[in-house]
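Once you have looked at the hints, place chain B on chain A.
Listed below are the residues making up each chain.
Number of protein chains: 2
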Amino acid sequence: MRAITNPSFLIHHHHRPSVASAVLRTLRHRIPFLSPSFVKVKAQSTSTSYAELDNTRTGRSGSLASPPAHFDVTQKIDVNPPKGTRDFPPEEMRLRSWLFQNFREVSQLFGFEEVDFPVLESEALFIRKAGEEIRDQLYCFEDRGNRRVALRPELTPSLARLVIQKGKSVSLPLKWFAIGQCWRYERMTRGRRREHYQWNMDIIGVPNVAAEAELIFSIVTFFKRIGITASDVGFKVSSRKVLQEVLRRYSVPENLFGRVCVVIDKLEKIPIDDIKKELRSAELSEEAVEELLQILSVKSLTKLEEKLGSSVEALADLKQLFSLAEKYGYSEWIQFDASIVRGLAYYTGIVFEGFDREGKLRAICGGGRYDRLLSTFGGDDIPACGFGFGDAVIVELLKERGLVPDLSPQVQNIVCSLDQDLQGAASLVAARLREKGQSVDLVLENKPLKWVFKRAARINAQRLIIVGSEEWQKGMVGVKILSSGEQYEIKVDELE
Amino acid sequence: MRAITNPSFLIHHHHRPSVASAVLRTLRHRIPFLSPSFVKVKAQSTSTSYAELDNTRTGRSGSLASPPAHFDVTQKIDVNPPKGTRDFPPEEMRLRSWLFQNFREVSQLFGFEEVDFPVLESEALFIRKAGEEIRDQLYCFEDRGNRRVALRPELTPSLARLVIQKGKSVSLPLKWFAIGQCWRYERMTRGRRREHYQWNMDIIGVPNVAAEAELIFSIVTFFKRIGITASDVGFKVSSRKVLQEVLRRYSVPENLFGRVCVVIDKLEKIPIDDIKKELRSAELSEEAVEELLQILSVKSLTKLEEKLGSSVEALADLKQLFSLAEKYGYSEWIQFDASIVRGLAYYTGIVFEGFDREGKLRAICGGGRYDRLLSTFGGDDIPACGFGFGDAVIVELLKERGLVPDLSPQVQNIVCSLDQDLQGAASLVAARLREKGQSVDLVLENKPLKWVFKRAARINAQRLIIVGSEEWQKGMVGVKILSSGEQYEIKVDELE
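For the protein sequence lines, the chains are A and B, in the order given. The opening residue of the first sequence carries number 4 in my numbering; numbering runs sequentially from there. The opening residue of the second sequence carries number 4 in my numbering; numbering runs sequentially from there.
Next up, chain A with everything else stripped away, as it sits in the complex (with noise of 0.2 angstroms):
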């Protein structure tokens, strides 16, 4: 659930930026979906434009002369993926397959099921007015239908459609995961993207904050499992039910709440002036602007009691999770801020997100509870709480820490005949060693074995099974251990 609304988007990272151009800044700032591609080796030279292309689309290309045998476009096309979005050759697919599947993991060892939904959308799923970056970035379209479609922007609002269609089939609590591509539409310059990947963890039917506990315990979990400790990152916790009692204490419409969560959200990130005239504009007076970014600036529950007095909702869910968090063991991992409000206008309750503790990062996940979605979609409210964890910042941050797998390509045997003849004989070896489960390049041509060697070493094949005449006519092959030099001659049917 939940877009990372801010996570590191700029390949240099800017430590201390200067107040001059911090407006300026901030829309390039605000880009979630940029990143490095996963690693370094993507082309971005550009040689076709896309008037170039649009030549070729539209058949004016004019190159009959000579066409290939049976197309009709020649037109040389961008070799490089849309702007903005990424290609998955092998080496940043296994990148890619192992984070998905430590998410995966670690969902189901705290039995979540996964769900996924489209990754196109009606617009209105997505439609809210409250400000969010998110909205305005919809990547959106009219179909050849006329209909107001949009790549998702995120997966909450499809997952909340869903509850409700299911409606009374299913039994809560419901512990639904999902890994999905999520999208934004944002004018381009270089290094930014316009799609990431999301994995979001949802809890829908807990009214407590034990289910918040809980989410924050799988991610912990995660970041264990890959290698990252509490030294490393953290996370800010808070409520937004501190800003609903200041809000109320100050008469402030309850309808103008969404739309003051996304102004302070943007707290450190626009100029301090910009943000009082935003909430002010919002009708709060003066005086409420002063308190409410007093209290923002609270970094601790203590503090939080003595502006707020002990009777507030808000600090006793803050209580319950930190409580819980000691019960857990990962205290060490978490700490009240105030100031963490995230961006999105659905979230009602207890608020969260992942940071690095070195500051050089933006937000690596985040997440709360939202309890009023499923009305807004016209559906009967259900207590819900989860997060969205991209797949953009963590890699970053494995990078920064070295931590970044060594994922080389993995296959146990590579089988070659010594003739063209042969073909058929190493067929049937691979079809046996594959049949014992057992994976097998096999070497389709007939190539030197200097060649089979390199290929060997570049698939990082444990075996080389050769396949020659001689042997073959005794139901033999030779067998070389690539590791250390070993090589022998064995039977077809005791090879295992």
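This list has only true hints and no planted wrong ones.
Note that identical chains are pooled: a pair holds if it fits in a single copy or bridges any two copies.
Within a straight-line C-alpha distance of at most 30 angstroms, the following computed DSSO-like cross-link-like pairs (lysine-lysine) qualify:
| id | residue 1 | residue 2 |
| --- | --- | --- |
| 1 | Lys86 | Lys132 |
| 2 | Lys450 | Lys169 |
| 3 | Lys132 | Lys272 |
| 4 | Lys79 | Lys171 |
| 5 | Lys169 | Lys402 |
| 6 | Lys322 | Lys450 |
| 7 | Lys477 | Lys494 |
| 8 | Lys171 | Lys457 |
| 9 | Lys86 | Lys272 |
| 10 | Lys322 | Lys306 |
| 11 | Lys279 | Lys132 |
| 12 | Lys310 | Lys330 |
| 13 | Lys402 | Lys171 |
| 14 | Lys457 | Lys483 |
| 15 | Lys453 | Lys330 |
| 16 | Lys439 | Lys402 |
| 17 | Lys322 | Lys494 |
| 18 | Lys477 | Lys453 |
Think of the hints as simulated: they come from the structure by calculation, not from any bench. All of these numbers come straight from a predicted model, not from anything done at the bench.
Below, chain B without anything else, positioned relative to chain A:
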């Protein structure tokens, strides 16, 4: 690679279409993405029209009287996914994951590396002038930057783009697989789909049919793995070089080849007179058309040799393929059928498709050689072949044969506390178990034991761990093995 251009798409299959309405039906028949949803729980009510939704989008809902806490939008949303798309609630997701896992494991057994590409590509990548159905139904848009983009209808063009981009930095052959969602835009009627997932395996850089033989064997391996035998399905195999030879003899220009193939792919799907008309409009003489149709009816290599002579390239390729299949041990799965040409313009050699022997379903998968695709994108040609295997027809087949696996949710433990104060203790127990790799559904609220047992049954938990205050004071918990009813107490540290 390859969109499945004629998989099953009607819920009720027509075995003997009447001639009269054939043309009309063809239009409906040729929609590859339709299929019943994975399981039959899909709600199809659409109580909210798009016009109503538009109201919410443009903010004319006028319901500001009683808005929910902090949202401005209250109109009931369409709870269904957009027409032609699917949600994947847990029960459908389990089937999808099982299917994908089998795709993956087979691909890896064959030494293939996984890749992926953007689901959104520049429209130019997919534009060809061959009258292919896949082109006519391109799911295309103009984005906010006025660029023509499309949701990919197939994966092969993206793969070709990436291969060109990588250029000399990769060592051939490449053996790549991908599992990706593909889209097509079609006016919807009941039960059709606009998206499906497709498994592709491609071999780039091998000119001989050993590559095709390996690809077909990988599909056979997949079928066997999921319980489908050679009496359930088979592969019809031919070569486009057969057609090429006929066209050459009648001096048909080479650049019409792709278009002719696309027309011929419609045999048995539209009336023969329409086929003839289309062929003649592609500059084929009456005589050539008759000869072509004669050749297409050939079902044996011996007969083909009689017709074309023994020296044609097509024959040598096909003979070698059948000989290799024998060595691999899958001869019984394949048969020659000259009428197979596949519906994509870019194939150049061997083509094949998987079919169910009862003749109820459309093609299960399809593929072939496409040695000249790269040059159509402005790259240097590299010999290549591959196949596409959709997620719809295979699931229908599994259902027909009663082979859909039992995929119930599986969580090893359910942990619950007997009173609210012990929630933290239960969290601790859950954390301990998860550390040991045990999956745990933690009950997050204070619920009666009856409720807990019901939930345990629903998620197929093996053990129930009960945290009660008396036992907890001794550092112990209660364990109930749910299959046997066995019950005991154990120290938390001794839980495995």
